[in-house]
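Protein sequences appear in the order of chains A and B.
Quick note on numbering: the first sequence equals residues 1 to 112 in the working numbering.
Quick note on numbering: the second sequence equals residues 113 to 226 in the working numbering.
Don't read these hints as lab results, they were simulated from the structure.
Positions of the beta carbon are idealized from the N, C-alpha and C atoms, including for glycine.
Check before you lean on any hint, since a few could be wrong.
Unchecked claim - Reference listing, derived: stretches of chain B covered by chain A, where coverage requires no fewer than 3 residues with Cβ under 8 Å from a Cβ of chain A:
(1) 120-128
(2) 160-171
(3) 214-226
For reference, the chains in residue letters:
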Amino acid sequence: GENVEQHPSTLSVQEGDSAVIKCTYSDSASNYFPWYKQELGKRPQLIIDIRSNVGEKKDQRIAVTLNKTAKHFSLHITETQPEDSAVYFCAARGPGTYKYIFGTGTRLKVLA
Amino acid sequence: NAGVTQTPKFQVLKTGQSMTLQCAQDMNHEYMSWYRQDPGMGLRLIHYSVGAGITDQGEVPNGYNVSRSTTEDFPLRLLSAAPSQTSVYFCASSRDRVRNTEAFFGQGTRLTVV
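Next comes chain B alone, as it looks inside the complex:
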């Protein structure tokens, strides 16, 4: 059981470049989300999805797009990278909203924008 798998683990981008961070889970979880982690700021929610075909914005959505075409996958796209997007990104999933269950995190992607 792989859980939540994120790729890549490390990435360096030049300002203005685009890229997609991949996230996949094999637990048939309804809820998937993307967080960014910056020093002293905890985990801030970027976008989330409550099921295939449904996405919504979190607290820091600007500069990021998401889609959820399948239950398993929830990619995060940076359309035009900026130095302010240098951060560690975590994907997380949890089973559903009715029963409070833990969020499972991917191993993270350390992104540097130069």
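Excised from the complex, chain A in its bound form:
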């Protein structure tokens, strides 16, 4: 069935450094790729998304890149800050389907 693999499971960076989280999806028909941030004890919330007709999208310090050929997409956070510390989930969704397939999450720690 559909599967999304996410790496790494944990990531520690120094404040100000960049962080990169990578996901690979199995269903070549997937065309929507959101990223969610979940702070401790809170609900997941969308931080950025990308559709399959776009290769890259930026929003201030965060960006997402998509390689459809490799079925691979990544989240990039630049100039990390302590408030970026959270669990990040990638997801994939196909056309005409309702199901989001989530990755297993990456716990990001930004060290001050």
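Here the structure of chain A is known, so what remains is to put chain B in place on it, guided by the hints.
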């Protein structure tokens, strides 16, 4: 605009007890779903609904029932709770399947089965 509202936030059950987790959304979303979140396993889909009167199973449906009598509500029932159902449960909704839009999550229910 309340978004997606889940109740209760915390619950402790004894093995064999039954209970219903409530989920309501006020955004007129077609699609609603239930996930469970366990350490290291991400968000796993339990059941989902594409509209009132229509439900289907996700990847981990055993031990759970759902119904969708209205667009707004999508309760999750545990018929006979087991310790393996100890988890954090999230309800989510999204607008429809034609236009890819974000999933909005409820605040979660932390369930412990002893």
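The hints, checked one at a time:
no.	hint	in the structure
1	120-128	violated (count 0)
2	160-171	holds (count 4)
3	214-226	holds (count 6)
Violated hints amount to a single one, hint 1; each of the other numbered hints is respected by the structure.
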